[in-house]
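Could you build the full structure based on these sequences and the hints that come with them?
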Amino acid sequence: MNKEEILNLLPYSAPFHFVDTLDHVDENGAKGSFTFSPELDFYKGHFKDHPVTPGVILTETMAQIGLVCLGLYLLASSAEPANGHVMLTSTAIDFMKPVFPGEQVFVSSEKIYFRFKKLHCNVQMTNQAGEVVCKGTLSGMVTKKLNG
Amino acid sequence: MDNEELISRLKPIVAVYAQDKVALESMNPETDFIKDLKINSANLVDVILDVEEAFDIEIDNQSMEKMLTVQASIDIIKHKIGLK
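The listed protein sequences derive, respectively, from chains A and B. Residues in the first sequence are numbered from 1 upward in steps of one, following this note's numbering. Residues in the second sequence are numbered from 1 upward in steps of one, following this note's numbering.
Note that these hints are calculated values from the structure, not bench results. It is possible that part of the hints are untrue.
Chain A side only, calculated, beta carbon under 8 Å to chain B, not exhaustive [said to hold, decoys possible]:
id: 1; residue: Ser-90
id: 2; residue: Thr-91
id: 3; residue: Arg-115
id: 4; residue: Phe-116
id: 5; residue: Lys-118
id: 6; residue: Thr-137
id: 7; residue: Met-141
id: 8; residue: Thr-143
Idealized CB from N, CA, C, for every residue including glycine.
Below you can see the structure in the form of structure tokens.
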């Protein structure tokens, strides 16, 4: 599966689509970028008069690029491709730098394991200056049902 | 390795992920990982990976799908050890 096909398969749309480019994907990891438009709705409230990108949104951005794009690639190349909902199953992220409206960020992920349809990854986000913004581990799965 | 020994080796692996500690204390062959111990499907994968490492076996997708209770896990672990 190529990068364009993966982007088209992503199950997100505005205002919760946080992938602009998928620059690289192979069986070991994925790289991509996203620019946070100052118009994004959450900046109105996080924080009042001091917009900064919420950590949960940075985590989500790392998940969409690093975990879901990679997961779609791995599922397509696995012996039993699966259809279903993607779900985030665990996060452990440290935050080092703030990301302000208008900033572009770069995400890279590295597969730790992909077994039984669960993908566990190291993920890292850097800013335009090349500084690490946040990093940690994320896991996700594909599920047929959304309630368990 | 008899069932009792297998359960005693399985218990510390499962304990890391079990949410229901009372059910964990009384873990027996009938214990269901999801219904009784409240382990979620993502952590069930971790249980299987830890079992693989602890017993030096490889668990295939079909076996994994059956490993929902302590008894089913014991049967599969015994079978896989026997194959070595």
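Structure-based check of each hint:
1. Annotation: interface hint on Ser-90(A) holds; nearest CB of chain B at approximately 7 Å, less than 8 Å.
2. Because the beta carbon of Thr-91(A) sits about 11 Å from the nearest beta carbon in chain B, more than 8 Å, this interface hint is broken.
3. For the restraint placing Arg-115(A) at the interface with chain B, the shortest Cβ-Cβ distance is roughly 6 Å, inside the 8 Å limit, so the hint holds.
4. Given the 8 Å rule on beta carbons, the hint for Phe-116(A) holds: about 5 Å separates it from the nearest Cβ of chain B.
5. Look at Lys-118(A): its Cβ gets to within about 4 Å of chain B, closer than 8 Å, so that hint holds up.
6. For the restraint placing Thr-137(A) at the interface with chain B, the shortest Cβ-Cβ distance is roughly 12 Å, beyond the 8 Å limit, so the hint is violated.
7. Interface restraint check for Met-141(A): the shortest CB-CB distance to chain B comes to about 5 Å, inside 8 Å, so the restraint holds.
8. A cut of 8 Å between beta carbons decides the hint on Thr-143(A): the least distance to chain B is about 7 Å, and the hint holds.
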